[in-house]
Amino acid sequence: MEHRTVIDSHPSLNNPRAPRKKLRNIHHLSPFWNAMAHIGIGLFSLACVYPFLFVVVLSFTDEQSLAKNGYKIIPEQWSVEAYTYLFRTGNQLLRSYGVTLFITVVGTLLTLVIVSLYAYAISRSYFHFRGFFSFVAFFTMLFGGGLVPSYIVVTQVLHLKDTMWALILPMCVSAFSILIMRTFFKTMVPDAIIESGKIDGAGEFRVFLYLVLPISLPGLATIGLFAALGYWNDWFNALLYIDDARLLPLQSLLMKVETNIQFILQNAGVGGAADRTDMVRTLPAETTRMAMVVLATVPIIFAYPFFQRYFVQGLTIGAVKE
Amino acid sequence: MKGLLRWLKLVGRNKALLLMVLPGFVWFLLFCYLPMPGALIAFKDYQFSRDGFLASMIESKWVGFKNFEYLFKTEDAYLIVRNTLLYNAAFIILGTLFAVLVAIVISEIANKKLAKIYQTGMFLPHFLSWVIVSYFVFSFLSVDKGVLNQFLTWIGADPEFWYTETKFWPYILIIVNLWKGVGYGSVIYLAAIVGIDKSYFEAAMIDGASKWQQIRNITIPMITPIIVIMFILAVGGIFRADFGLFYQVPRDTGALYSVTNVIDTFVYRGLKVTGNIGMSTAAGLYQSVVGFILVLVTNFIVRKINKEQALF
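From first to last, the protein sequence lines stand for chains A and B.
Numbering-wise (this note's numbering), the first sequence opens with residue 867 and increments by one.
Numbering-wise (this note's numbering), the second sequence opens with residue 47 and increments by one.
These are computed hints drawn from the structure, not numbers from a lab.
Ideal placement from N, C-alpha and C gives every residue a C-beta, glycine not left out.
Check before you lean on any hint, since a few could be wrong.
[Claimed, not checked] Covered stretches of chain A (in silico footprint by chain B; criterion: 3 or more residues with CB under 8 Å from a CB of chain B, positions within the stretch not fixed):
1. 940–953
2. 960–974
3. 1021–1027
4. 1077–1091
[What the hints assert, rightly or not] Have a look at the derived ranges for each label pair, beta carbon to beta carbon:
5. B:50 with A:1064: 24 to 30 Å
6. A:1061 with B:98: 47 to 53 Å
7. B:101 with A:1084: 47 to 53 Å
8. B:119 with A:1027: 52 to 58 Å
9. B:96 with A:1028: 14 to 20 Å
10. A:933 with B:262: 51 to 57 Å
11. B:110 with A:933: 38 to 44 Å
12. A:1170 with B:263: 36 to 42 Å
13. B:343 with A:967: 39 to 45 Å
14. B:119 with A:933: 22 to 28 Å
15. A:1083 with B:301: 46 to 52 Å
16. B:212 with A:950: 55 to 61 Å
Bound-form chain A, shown alone (with noise of 0.2 Å):
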């Protein structure tokens, strides 16, 4: 909507014979304020994206002149040599990869056909045992034993340490993305249209499968990047549960490099001891670090225009309570 207007709160300005020089939206900001405005949110958005741009800028650098200048956003010099070692001695690295690779990709889709089947469930009205599950699942949202008692279920009970298993299943259903898609399966999808496929003769599940779930798009992307995101960001459950460096995620191998740099050539399928201890010298060890921050943001970084569209509305979802 614009409005333009030639009203001006300010008085000298509604003095007929004084000169116009242009109409100005009185919906806006005075011209100073717009200016501070567009300053301090414009410099709150760089300082949020300055620290990634700033370790992109670091793993180019020649480590040389890293280890003279310290961390600089204009290096004395470039270099790529970073990620050509990675490249040549990353055994550990592409094994992270695939791991989390793999936990993202698995864990998302059991979390989608777990989360999306519980979630219609309950929000159909017709269900009986509605009102039980629904409680079963959001108690679990305002109480829990605690760290303890879960690690000691997922390592005894269930003997999952050291397993993939141990990075998907203890993440895999969240009470909160249940609640979300309660939500947009209540609004978005009416008993109605439940209604008329089982008058076509269809079963409950043929009528989710083909009536619902194609409707139900946007709610699982939403729900589906929440928890895509989610696996390629963790790394505290292989801070619990994974001792073998065969099944390290990528985030949890950044944790270890952090201090020991030299991880990531311990799996490394280099030759000999005395190979080793040369490739441990020649070692580019700071902006090899800097380069496997960006290496594992970069995806992040591509799938952001979908983040945010999807992230917004789950939100908005979440927000909405019948």
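Put chain B on the given structure of chain A with help from the hints.
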């Protein structure tokens, strides 16, 4: 008998939907409800048994509130509760303040394209893990190469040992937390502002209200209900700390524990580092129970204000 029959009939009639909830139900049982009785470890002298979890639970001796007594006798008990509460209080108050401020300013920016770009930038930190963020922070605070020490040397001051000096960390943690959360936090307020009926502003302008008067007398009062609700809900979670922030950003540095140790990190270290299972479980249970009560109380208050916004 008759009741059972009726119940079975109901199960039969709902069997498709019951099958649908089954995988999720099993998950909740295993990962949420099975650990709940496990919290009884807090009242036991827990000993691992070879025969599995149930055997260890049964064979471990009951010790009553001994674990809690130990916990509250340590200096840590006071520290972790103080840190958790104070940090969270700071996060909630400053976080709300800045998120609302950012939302108002963005809504006033006329160039919607630029506003969108600013917002996109502000969102980014929310999507990054604390591990990545800790690398970012390190690039600023590293003693020998960090940006801040370069700056200090440049202006002729002495460089600081950021990762051993406790006095900086309350500020660092608060700034990092705001940096990560404000952009995303502002979304909900921005949505509320966009939803305000434009005719209020038009009427105000016809009456000659300035921009400031409009913000003070229309925008802020209109979004106050949502601010209050979000605030109260946040207070419900004040006993839970963000593990990643307090563990990753200070790089698990022992010298900083007095200002970075919170309940969540304490429980973790009890479990994985010091191996004090009983006390660790006790601390976790204490957190769960107090957290539960807080959520109930705050939800009750929210219900009083606006039934629509209550969690349950």
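Now the hints, each set against the structure:
1. 940–953: Per the Cβ count (0), the hint is violated.
2. 960–974: This one is violated; 0 residues, fewer than the three required, reach chain B with a Cβ under 8 Å.
3. 1021–1027: holds (count 3)
4. 1077–1091: Coverage by chain B is violated for the segment 1077–1091 of chain A (0 residues, Cβ < 8 Å).
5. B:50 with A:1064: 24 to 30 Å: 28 Å Cβ-Cβ, so the 24 to 30 Å window holds.
6. A:1061 with B:98: 47 to 53 Å: Holds - the Cβ-Cβ distance for residue 1061 of chain A and residue 98 of chain B, about 49 Å, lies within 47 to 53 Å.
7. B:101 with A:1084: 47 to 53 Å: holds, 49 Å
8. B:119 with A:1027: 52 to 58 Å: Hint violated: Cβ distance 32 Å, outside 52 to 58 Å.
9. B:96 with A:1028: 14 to 20 Å: For residue 1028 of chain A against residue 96 of chain B, whose Cβ atoms are near 18 Å apart, the range 14 to 20 Å holds.
10. A:933 with B:262: 51 to 57 Å: holds, 54 Å
11. B:110 with A:933: 38 to 44 Å: Cβ of residue 110 of chain B to Cβ of residue 933 of chain A: about 58 Å, so the range 38 to 44 Å is violated.
12. A:1170 with B:263: 36 to 42 Å: Between residue 1170 of chain A and residue 263 of chain B, where Cβ atoms are some 37 Å apart, the hint holds.
13. B:343 with A:967: 39 to 45 Å: With a Cβ separation near 43 Å, residue 343 of chain B and residue 967 of chain A satisfy 39 to 45 Å, so the hint holds.
14. B:119 with A:933: 22 to 28 Å: violated, 48 Å
15. A:1083 with B:301: 46 to 52 Å: Given about 51 Å between the Cβ atoms, the range holds.
16. B:212 with A:950: 55 to 61 Å: Because 41 Å falls outside the window, the suggested range is violated.
The structure fails to meet hints 1, 2, 4, 8, 11, 14 and 16 from the earlier list, while all remaining hints are met.
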